[in-house]
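Trainee: Basically this note's numbering = 1-based index in the sequence shown + 510.
Check before you lean on any hint, since a few could be wrong.
Restraint ranges, calculated between C-beta atoms of paired labels, are given here [as the list claims (entries may be wrong)]: (1) E743 x S658: 31 to 37 Å; (2) I780 x P566: 22 to 28 Å; (3) A745 x R704: 30 to 36 Å; (4) A538 x P724: 26 to 32 Å; (5) Q733 x R704: 27 to 33 Å; (6) R776 x A745: 43 to 49 Å; (7) G779 x A745: 45 to 51 Å; (8) R528 x S658: 20 to 26 Å; (9) E547 x S658: 23 to 29 Å; (10) I705 x E561: 30 to 36 Å; (11) I727 x P663: 32 to 38 Å; (12) R742 x A585: 26 to 32 Å; (13) I727 x I780: 41 to 47 Å; (14) A555 x D726: 29 to 35 Å.
Please keep in mind that the hints were generated in silico from the structure rather than gathered at the bench.
The beta-carbon is built from N, C-alpha and C at its ideal position, and this holds for glycine as well.
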Amino acid sequence: MVMSKPIACSRMYNLSPRIRGLWDALFALVSVQSGIELEIIAHAAPAPLSELWARPDMGLVFMCGYPFSRMPEGARPTALAAPVSSEAWSLDQPLYASHILVASTGAVNEVADLAVARWGWTVRDSQSGYHAARSFLADRFAGKVKQSMTVGPLLNPSGIVAALEDGRIDAGAIDAYAFQLLSMHETDAIDGLRILATTDPLPAPLLVAAQTLPADIATALQQSLVTLHETREGAAVLERLGLRRFSTVVPPAYDSLPLRADDADRRLGITW
């Protein structure tokens, strides 16, 4: 039986054709350096991410830490590495945060206004686009947030940005690394928006492989990822994506995410 090529997919950070092209270049370099031939796919929205994460041919696929943490330990895909952003919020570790975005000329002017804002959210199993915002609110307005109108699912950061720009929502949380990529390569997309606040850093989305991927292939891909910054070509590819390097991760580090989400749900006492 002929084994299909492992797939690589940056869907979580496919924010534009230009940005996708940068990820494709990174995957191509990893493929060459590891000696593992990869099939680079888009799995473009609105195709469900859950379908992507269930594929038995995953080789290098970005996965949100929240659904990863909710899976039974024995059913989780193989964790390979997570990105280390060049931005200060990463603390030079494989961490990320969410930016609370508002319109520059909108009704929300300060953090206190967020308790009554119309919130947009991406999907309910997203750490950056859903749970981060609820934890942020619970930390500041526990028991005081009114059951207000929310808009969702908006699927991804681009959906949050569009809803802010056309006035459907007052505030929304997006992955700080996604915002970094937009700031670097698609500045027109975020024109008229501003960062009101930034949430606490937490374990970043990670590149995973299917459990069924042979261990030697997974190891080769991981080794190529975490040493990419050591070569001139690799460092250049990473720099164009706003990254310092990829770092190995410890899966139990993600176990705090569902605990935080459940705690925020209890403290807020409202649903979205």
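Trainee: Give me the numbers of the hints this structure contradicts, sorted from smallest to largest.
Mentor: Per hint list: 1, 2, 4, 5, 8, 9 and 12 violated.
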